[in-house]
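S.K.: Chains as they are written, first to last, in the numbering used here: chain G, 391 to 539; chain B, 391 to 539; chain P, 391 to 539.
It cannot be assumed that every hint is accurate.
Identical chains blur together in the list; that is why a pair holds if it fits in one copy or across any two.
[To be verified] Keeping only pairs whose Cα atoms sit at most 20 angstroms apart, straight-line, the calculated SDA-like set for lysine to any residue is:
hint, residue 1, residue 2
1, K453, R437
2, K505, R534
3, K505, P441
4, K453, D499
5, K505, E449
6, K521, D396
7, K453, A440
8, K521, F455
9, K505, S395
10, K505, G533
11, K453, A478
12, K453, S395
13, K505, G525
14, K505, A440
15, K505, E407
16, K453, T464
17, K453, P493
Don't read these hints as lab results, they were simulated from the structure.
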Amino acid sequence: MSTLSDIEVLTIERACERLIYEFAEAIDLRNDAHLDDLFSEEATYARPTAPNSVITGREVIRKTFESRPGGRVTRHICSNVRITVDSAVRAHGVSRVVLIAGPTEPPADPQFGFKADARQLIGEFDDEFVKTAAGWRFASRRGRVILHT
Amino acid sequence: MSTLSDIEVLTIERACERLIYEFAEAIDLRNDAHLDDLFSEEATYARPTAPNSVITGREVIRKTFESRPGGRVTRHICSNVRITVDSAVRAHGVSRVVLIAGPTEPPADPQFGFKADARQLIGEFDDEFVKTAAGWRFASRRGRVILHT
Amino acid sequence: MSTLSDIEVLTIERACERLIYEFAEAIDLRNDAHLDDLFSEEATYARPTAPNSVITGREVIRKTFESRPGGRVTRHICSNVRITVDSAVRAHGVSRVVLIAGPTEPPADPQFGFKADARQLIGEFDDEFVKTAAGWRFASRRGRVILHT
């Protein structure tokens, strides 16, 4: 990392932080196809509620999300994002996430939205990032749940 | 955007992100006058609980906030801020917000503050930013509520 | 601040923002020794639930945290971080924090973690930062609680 300038480090940090928010948005809006733009081809993923079940490969990751049942609205509130740049092509990071979710029935109240479940999950992600020909991507995501309401 | 350097892009992103936090602070602390420093003169705004009621003009926006009743303490917890720079004078962004609020009576407990309402709102903002002679400002804010506790 | 470049300002902002997240992680993971890397030697600190009890000195701060009882899991969700750079060696900032905590007994459910207390605290920090020979550090932290669930 000694060869990277301040601006290079900041730009990499920003790119990786952005991936975290784009991941949240993709799965919350069920834009599962966009996951292909966020993970490297050989990426691995373990979701927070199944931290020991690691799945491998971008296509497998996307298909796993595509196979989720519908009828739920989720919002992942991401915070405490801290990226560490290891080299021009590698970085890692930690972040926290609060998952707020609820059923999509009955329809959303225009004013207050959907009623959330009483149980919210508070979790964390350990991420590794790699720079590919297409830009920065998740090389691995490992989630875990720490607390629930 | 092809003519902007990395540092220019990062600086614009940071300026726009900052507006989002300053807006939250201005309305939470009832420093409504500061809203004049955050919106462009012709800005439009729709608050999350009334997404189809768009109000127009910086002065109208400020007066709308000034006319709110008192007796409430609010904290807008902003997250997942993702700014996209479109040009040297235009940008747009998305972010999430959790609104936690409660009555100001009885007085705050020095240790634990005010008792919050059971209902928290989880919402989003779509923002457009413009660079004015005075710096970056909101050109438009569109809020909506997605979930409530 | 007129002598600082955009990249210098961004780099300082990022360093200070990072301290806020590292502080949260240090106390949540009970890595109290790491607090020595976050505060200046003469730093002062007032925790949110005791805003008028200011303690002074890095060693005192660390020992105060070390003396906390165990048996609790905490996660500080930090947000709305806004750093203002005052000079090449001074900055200040504001941020918000939601504290979610619970007992560590019974053991965590692998899927959903520990059960959180019903009461969450929503607070704020006013921070001052100083650049030391070892890098940017907290010169002072003043916390306060605004709301609780």
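S.K.: Tell me, please, which holds for K521 and F455 at an alpha-carbon limit of 20 angstroms: within, between, both or neither?
M.R.: Answer is neither; intra-copy 23 angstroms and inter-copy 39 angstroms both fail.
S.K.: How would you classify K453 and A440 at a CA-CA limit of 20 angstroms: within, between, both, or neither?
M.R.: within (17 angstroms within a copy, 36 angstroms between copies)
S.K.: I want to check one pair: K453 and D499. Are their C-alpha atoms no more than 20 angstroms apart within a copy, between two copies, both, or neither?
M.R.: neither (31 angstroms within a copy, 27 angstroms between copies)
S.K.: Measure nothing new, just compare the shortest in-copy and cross-copy C-alpha distances for K505 and G525 to 20 angstroms and report within, between, both or neither.
M.R.: neither (38 angstroms within a copy, 39 angstroms between copies)
S.K.: Under a CA distance limit of 20 angstroms, which applies to K453 and R437: within one copy, between copies, both, or neither?
M.R.: Result: close within a single copy only, 14 angstroms intra versus 36 angstroms inter.
S.K.: At most 20 angstroms between alpha carbons: which applies to K453 and S395, within, between, both or neither?
M.R.: Neither, since 38 angstroms and 37 angstroms both go past 20 angstroms.
S.K.: Which holds for K505 with E407 at a C-alpha limit of 20 angstroms: within a copy, between copies, both or neither?
M.R.: neither (29 angstroms within a copy, 29 angstroms between copies)
S.K.: Go through the copies and call it for K453 and A478: within, between, both or neither, with a Cα cutoff of 20 angstroms.
M.R.: neither (30 angstroms within a copy, 39 angstroms between copies)
S.K.: Between the shortest in-copy and the shortest cross-copy C-alpha distance, which are at most 20 angstroms for K505 and S395: within, between, both, or neither?
M.R.: neither (47 angstroms within a copy, 44 angstroms between copies)
S.K.: As a check of your reading, is K521 near D396 (CA-CA no more than 20 angstroms) within one copy, between copies, both or neither?
M.R.: both (18 angstroms within a copy, 17 angstroms between copies)
S.K.: 20 angstroms Cα cut-off: does K505 pair with G533 within a copy, between copies, both or neither?
M.R.: For K505 and G533, the Cα distance is within 20 angstroms only across copies (18 angstroms; inside one copy 25 angstroms).
S.K.: At most 20 angstroms between C-alpha atoms: does K453 with P493 qualify within a copy, between copies, both, or neither?
M.R.: Neither: 22 angstroms inside a chain and 37 angstroms across chains, both beyond 20 angstroms.
Consistency note: the structure conflicts with the earlier hints numbered 4, 5, 8, 9, 11, 12, 13, 15, 17.
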